[in-house]
Amino acid sequence: MRADGSSGATSANGVQLQASGLRARALVAGIAAVVIAVIAGLTIGPAGIPAHRVLMELADLLPGIAVESGLNDAHKAIVTDIRLPRVVLGLLVGATLATSGATYQAAFRNPLADPYLLGIAAGAGLGATIAIVNDIGDGAGVFDLVPIAAFGGALGAVTVAYLAGHIGGRSTASLILAGIAVASFLAACQTYLLQANADAFRRILAWLLGRIATSGWAEPALLLPYFLVTTAIVLRYRRALDVLAVGDEEAAALGLEPRRIRLIVLIAASLGAAAAVSVSGLISFVGIIVPHAIRLVFGTSNRVLLPLSVLFGAAFLVLADLTARTVLSPAELPIGVVTAFLGAPFFVFVLRTSRREIW
Amino acid sequence: MSAAVAVEALEVSLDRTPILKGVELGVSAGEWVNVVGPNGAGKTTLLRALLGLVAYDGKVHIEGLSSQRRSVRAQHLAYVPQSPVIPQGMLVGDYVLLGRTPHRGIFAAETAADTRIATEVLERLDLGGFGDRAVQSLSGGERQRAVLARALAQQTPILLLDEPTTALDLGHQQDVLDLVDGLRRERGLTVIATLHDLTLAARYGDRVAILSEGRVAACGPPDGVLTVGSIARHFGAHVKVLRDSDGPVIVPTATTTSRATGVAPAGRAATQNGDHL
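If you read the protein sequences in the order shown, they are chains A and B.
Note that the first sequence covers residues 621 to 979 in this note's numbering.
Note that the second sequence covers residues 706 to 982 in this note's numbering.
You can take every hint at face value.
So the derived list for chain B, only partly shown, Cβ under 7 Å to chain A, looks like this:
#, residue
1, 779
2, 798
3, 811
4, 812
For the record, the hints were derived by calculation from the structure and aren't laboratory data.
All values reported here derive from a predicted model rather than from experimental measurement.
Where a beta carbon is used, it is the ideal one built from N, C-alpha and C, also for glycine.
Next up, chain A with everything else stripped away, as it sits in the complex (with noise of 0.2 Å):
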């Protein structure tokens, strides 16, 4: 990736073209972001270990770098067995979810796109309700059944969205309806499980609010591999991307492959996504807030627009997610209600200044 961005060519009256990239400001404002949250992450908590304590422990995880952090083994279990995977799992998630978000913007070229418009939340939430009720998910200890049916379910929900939008002509808005007519199917059979398990109903509305609770490290290493190939790919198609933003016609006509392109970011954006609300529940607007920030912010192209919100996005889920655990001490808010109460007056600001025709 250039880091600067400068490929400028001075022509005969001085006047510079610059083609729209990565600035190294940028990047550094998104480096500092991620920094920042993952230090009040680490360092702020109901335990009220000292801050640089905290980051003396960490330094000593460090390799080659031996500190004494003066902790006891308490508050040393809770840095590095609690506090370091659950900032990790924030990164990963944020990170995630808001890079999915600006891939499916851009593909549908729609600002109010997300992985959740192809019914990937609807068939999560379908795969973990299931799972709840039937109880298959509960104390087994080795093995938490629940963020795979969620993952099944979010994979099944988006896979019958594409077929389903085939069916109905090869527009991007009939692939879009089909996506919403299958969010609702698979909620009104959600609601009927909901309703005949009445027992169940806490445990899965925990579950749909969404939470950043590890056990460990397991969540954060099931998420890594999907976090690393969907970014992979999705930025290896920025530029191309920032093509797609003519059309398909006109991008056909410079030569690209509109639809297979669009097919292979958002099956990765779609991989990385499901993922994600697997291990996470649904937390709901990060894949909007955090890119319609950074295009305020930095601009619209997706050279920078990607790469940012892999950035922002981890470091805005660290810190939603310590609202969430902070704000109600020692009760935990879940985090999707933090994500939603930023999220929701965001996207209506957003539809307002938002000058382009959706449709």
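Got chain A sorted already, so can you dock chain B onto it with the hints?
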């Protein structure tokens, strides 16, 4: 002169409705041909077929085209659509650089040569200081020049223009067509343009082709093709064809007489050309 574009027995159907029914058209290298015809005659479809954007039967030969791959075709044909999609927030410089897409790999960044070409094109089209402005913020005439700049940045030998003057006032229509004419002479471009305005079609370019009911009904120098009879037959319009040193001038006649004779489309033709009278 060799044929830059040769179209033989071209047939295109959209949603099973035949649009082009055997188009024959040859365009020499360096020539400018204007395709005119009534609404729905298939002018845009003809350009889309040349670009490989619609499935067709028949032959489309593009000189030097070694492969049917889109990226190769886009190195030979540049397209200025009638209503280009202007992406929200995209800067003029980035927009013009899109024209370099067929020359770089799908995953590759622009090279210094790409930015140099885009810079030169912007200056040639008097958009030198516009590189970091949003395309959306441009006026109609500037925007049309930006779209043309993107097509020129493709550095193709053939330029396809679909109604390049729609939505422009008379002065800007002339500016754009003069610009195309100048560029064609400088760079030896072959130009195929669709135009609604028959007088403009007669003033610019070498030949006029009338596309009617899916076929090329007439093709040749404007004087021979744009006659009272052919315009009545293919456009259903009642016109006078005046002549001056630059060629034919097509003027709609008053509609009252045509109404009396019961010919309906004359009113439509008068409205269509009314903007330019």
